[in-house]
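Q: The lines below spell out each chain.
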Amino acid sequence: MLSYHAALDFNHGIYRVLRLLEAVPSHSMQLDTLRILDFYFLFPHTVGDVTLPKGMTAAKRSFAAGASRYNKVAFPRHLFEQLGAMQRVITHSLAAKGFIEAPQLADHCVVRTPKPLPEEIRTAFAAEAAKDRQLVQFLVALSREPLLGDKGLKARTGLLEFRYDAV
Amino acid sequence: MTRFDPALRLLRMVVIKSGQIAWDEEFHPGVNIIRSDGNSGGKSSIADLIFYGLGGDFADWKDEAGSCDSVYCEVMLSGSLVTLRRDIDRLVRQPMWVFFGGFDDSQSAGAVGWQKYPYTRAGARESFTQVVFRALGMPEVPSEAEGNLTMHQLLRLMYVDQMTPVDRIFRLESNDSPLRRQAVGDVMMGLFDNRIYPAQLRLRERQKSYDAATTQLAALTSMLGRVDNDYKPEALEMKRLSLVEKRRELLELITNLKRARFAPPAGSEADAGLLHKMQADLDKLNTDIAELKLSIGQITYEIADAEELIADTERTLAQLAQADTVRGTLGPVALDFCPNCLGPLKEVSSPGTCRLCHEPTEPEEDRSRYARMRNELSMQLKESVHLQARRKGKQKELKDRASALEVMRNLVATEFLSISESFVSEADSQIDVLSTQVGYIDHQLVDIERQSKIASEVDTLRAHKAALNAEISELKDAIGTWERQRAQRQTASYDGVRQATAEILSKDTQSEAEFTTESDVYFNFAEDRISINGKYGFSASSLTVIRNAFHLALHWRSCVDQGFNYPRFLLMDNIEDKGMVMERSQNFQNLIVDVSKNIKVEHQIIFTTSMLDPSLDVPEYTVGEKYTFAKKSLKIGRAVQ
Numbered sequence: 141m142l143s144y145h146a147a148l149d150f151n152h153g154i155y156r157v158l159r160l161l162e163a164v165p166s167h168s169m170q171l172d173t174l175r176i177l178d179f180y181f182l183f184p185h186t187v188g189d190v191t192l193p194k195g196m197t198a199a200k201r202s203f204a205a206g207a208s209r210y211n212k213v214a215f216p217r218h219l220f221e222q223l224g225a226m227q228r229v230i231t232h233s234l235a236a237k238g239f240i241e242a243p244q245l246a247d248h249c250v251v252r253t254p255k256p257l258p259e260e261i262r263t264a265f266a267a268e269a270a271k272d273r274q275l276v277q278f279l280v281a282l283s284r285e286p287l288l289g290d291k292g293l294k295a296r297t298g299l300l301e302f303r304y305d306a307v
Numbered sequence: 002m003t004r005f006d007p008a009l010r011l012l013r014m015v016v017i018k019s020g021q022i023a024w025d026e027e028f029h030p031g032v033n034i035i036r037s038d039g040n041s042g043g044k045s046s047i048a049d050l051i052f053y054g055l056g057g058d059f060a061d062w063k064d065e066a067g068s069c070d071s072v073y074c075e076v077m078l079s080g081s082l083v084t085l086r087r088d089i090d091r092l093v094r095q096p097m098w099v100f101f102g103g104f105d106d107s108q109s110a111g112a113v114g115w116q117k118y119p120y121t122r123a124g125a126r127e128s129f130t131q132v133v134f135r136a137l138g139m140p141e142v143p144s145e146a147e148g149n150l151t152m153h154q155l156l157r158l159m160y161v162d163q164m165t166p167v168d169r170i171f172r173l174e175s176n177d178s179p180l181r182r183q184a185v186g187d188v189m190m191g192l193f194d195n196r197i198y199p200a201q202l203r204l205r206e207r208q209k210s211y212d213a214a215t216t217q218l219a220a221l222t223s224m225l226g227r228v229d230n231d232y233k234p235e236a237l238e239m240k241r242l243s244l245v246e247k248r249r250e251l252l253e254l255i256t257n258l259k260r261a262r263f264a265p266p267a268g269s270e271a272d273a274g275l276l277h278k279m280q281a282d283l284d285k286l287n288t289d290i291a292e293l294k295l296s297i298g299q300i301t302y303e304i305a306d307a308e309e310l311i312a313d314t315e316r317t318l319a320q321l322a323q324a325d326t327v328r329g330t331l332g333p334v335a336l337d338f339c340p341n342c343l344g345p346l347k348e349v350s351s352p353g354t355c356r357l358c359h360e361p362t363e364p365e366e367d368r369s370r371y372a373r374m375r376n377e378l379s380m381q382l383k384e385s386v387h388l389q390a391r392r393k394g395k396q397k398e399l400k401d402r403a404s405a406l407e408v409m410r411n412l413v414a415t416e417f418l419s420i421s422e423s424f425v426s427e428a429d430s431q432i433d434v435l436s437t438q439v440g441y442i443d444h445q446l447v448d449i450e451r452q453s454k455i456a457s458e459v460d461t462l463r464a465h466k467a468a469l470n471a472e473i474s475e476l477k478d479a480i481g482t483w484e485r486q487r488a489q490r491q492t493a494s495y496d497g498v499r500q501a502t503a504e505i506l507s508k509d510t511q512s513e514a515e516f517t518t519e520s521d522v523y524f525n526f527a528e529d530r531i532s533i534n535g536k537y538g539f540s541a542s543s544l545t546v547i548r549n550a551f552h553l554a555l556h557w558r559s560c561v562d563q564g565f566n567y568p569r570f571l572l573m574d575n576i577e578d579k580g581m582v583m584e585r586s587q588n589f590q591n592l593i594v595d596v597s598k599n600i601k602v603e604h605q606i607i608f609t610t611s612m613l614d615p616s617l618d619v620p621e622y623t624v625g626e627k628y629t630f631a632k633k634s635l636k637i638g639r640a641v642q
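For the protein sequence lines, the chains are U and W, in the order given.
Residues in the first sequence are numbered consecutively from 141, following the numbering used here.
Residues in the second sequence are numbered consecutively from 2, following the numbering used here.
No lab work stands behind these hints, which were simulated from the structure alone.
Partial list, computed: chain W residues near chain U (C-beta under 8 Å):
#1 L310
#2 D313
#3 T317
#4 A319
#5 Q320
#6 L321
#7 Q323
#8 A324
#9 T326
#10 G329
#11 T330
#12 L336
#13 D337
#14 M374
Keep in mind that this is a model prediction, so the values were computed, not measured.
In this text, a Cβ means the ideal position worked out from N, Cα and C, and glycines have one as well.
Given the sequences, and given the hints that come with them, work out the whole structure.
A: Quick look at the structure:
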């Protein structure tokens with residue numbers, strides 16, 4: 141078996157970011173929020189370890205059930221850090237290509253520009269499997285949660301340090 | 002001369018006042034006379050000092066004696082030379098200092114060697130009574146009687162003093178008790194057997210144990226519920242063994258019946274063969290079914306695992322497609338900086354070179370790479386799906402086979418059971434009956450266990466009771482014997498004293514003509530009185546003579562009967578008291594001397610008189626000077642405190 145993993149593919153990373161920004165109503169979010177959502181986009185079954193607000197328990201259970209011996213993640217936080225480097229390239233690339241605002245990016249915020257996406261990509265969005273659609277909806281709901289503080293996404297996921305946040 | 006112990010003899014007495022000797026005289030064995038011309042010469046003071054110095058409790062001093070500091074008595078206590086010292090005080094219960102040695106030695110020794118003892122025992126500290134008694138060799142008394150038997154109490158019987166009413170035996174004191182006087186008298190006359198009291202205590206305790214054992218025995222025998230001897234351990238053991246044997250037999254029967262359960266009854270061999278075959282078939286069927294189930298389980302697991310792989314592969318394929326779309330539409334990712342070190346990347350010198358690793362790139366290479374990967378994954382997916390279908394097919398086949406076998410097995414089992422049902426139920430009911438019997442035997446065995454325990458306890462108790470009984474009889478006999486001996490001794494001793502008293506009295510120049518050697522003398526320590534021929538009323542002078550005669554007789558008997566504990570010492574103050582005429586007194590004085598002469602053992606009699614028979618006024622008998630009113634006994638200087 142050859143080694144392909146979407147996490148190590150820049151192109152798929154671009155796909156994921158564009159998909160998330162497309163799905164979120166404001167088409168924008170904090171950079172750290174994007175990073176976190178992207179992680180769960182790649183590894184939805186690891187959401188079983190996250191303390192989620194009440195309404196999301198059913199979804200959480202169904203994603204967690206997708207864990208198998210073919211998609212084990214030993215150290216989520218470690219992997220998250222490694223993904224960070226790729227993340228930076230992806231967002232810069234998108235800014236260079238004009239799909240997200242460069243000045244806001246400098247402020248650690250990703251905001252979609254009015255520039256439309258190519259047709260093929262939008263078709264690909266529509267062609268996604270039902271399970272993927274569910275996942276995206278789930279991630280959108282998650283994006284509404286606060287990022288900072290001890291009930292924030294950082295704290296709940298444990299992927300980023302939250303204790304020094306200024307809330 | 003022989004000495005009967007315990008023996009007390011005063012050798013010397015020294016009275017000190019203000020560092021000066023107020024009185025210092027030596028005494029000799031036998032008769033000692035302290036005399037004065039007329040009264041108030043201080044004789045009684047000397048007698049009181051002797052009484053006090055030897056351990057009597059006294060504080061009612063006359064002025065002269067009371068002004069003195071201390072009195073020393075050098076004594077022989079059953080052959081041991083000891084010096085006693087007591088300080089004179091107005092308080093009672095003064096302690097005593099003891100020096101084991103003579104007076105002179107005690108003085109040159111200074112403070113060394115003197116031991117102080119309290120009047121009463123205090124914890125570990127002994128009283129001086131205990132010390133003196135030990136030196137005298139007085140017999141031990143039980144601690145309950147210790148308070149009654151002090152040196153002071155003994156001296157009450159040895160000191161015939163002036164202040165006690167003449168009709169009494171003991172020196173008078175308040176808070177006296179008849180029991181105490183009786184005890185003192187008994188001890189002095191050697192009638193106290195210190196074996197009796199402890200034996201009586203033990204007898205009482207043994208009787209209590211015996212009664213307790215009797216009660217317990219009654220309870221146990223009633224628990225056994227029998228009056229006959231069936232609860233003997235041997236009989237119980239035999240019963241138990243027979244029950245165990247019967248139980249074993251029954252169990253064997255049951256086992257045989259169980260084994261024979263599936264054996265056909267005699268006379269149906271044809272059925273036997275069939276049943277046998279059916280049994281074999283059943284076994285094979287069950288084994289096959291089990292194996293199939295095992296395989297089904299394995300395949301089910303593999304199917305689940307493959308599902309996961311397929312799902313993962315499908316997902317990867319979808320992601321590949323998405324990535325390819327992005328690559329195709331947005332072009333290559335513009336890397337301005339190195340993702341590893343985050344440093345800026347230099348512009349490529351020539352197009353067609355990777356900005357990162359500087360290898361030549363093929364713009365279409367990406368796409369072909371994606372295509373190749375998609376190809377491979379698709380092939381894998383196809384294969385996995387194919388294999389999965391086969392697995393599911395196999396699973397279905399196995400399940401079908403298993404159900405078919407199960408159906409067949411159930412059929413065979415039912416038929417088998419119906420054929421063997423008949424003798425199964427018969428054997429079962431028999432097994433039931435036998436099992437019940439075994440249960441009953443078990444219950445009986447438990448019962449026997451319990452009974453044999455009780456039986457052995459009963460035996461033990463019986464033996465214990467017998468032992469107790471033997472001891473009780475022994476004790477009763479011993480106590481009886483001792484008490485009889487004591488009574489005998491008492492009669493003998495009392496008779497001796499009574500006769501001696503009568504004899505002495507018969508020699509009195511009496512005014513009453515009743516005193517003969519046949520006079521019936523009665524005395525009682527508890528009652529503290531003496532009667533002659535049943536009569537108590539006599540003149541004061543006669544009573545004095547009777548009293549003196551009694552004490553002299555007691556002293557005399559102690560020198561004859563070695564069993565007496567009376568220390569062969571007598572102190573009489575003013576033997577002519579209460580208006581006795583000179584002749585009578587002097588006659589009595591000679592009586593004393595005669596008695597003393599006839600005594601064959603060491604003894605000492607000290608008496609005081611103001612009308613000494615001149616024939617007795619010799620150094621052999623006298624002690625000190627003849628005291629007068631002007632020249633009193635104690636030399637204390639004129640100014641009296």
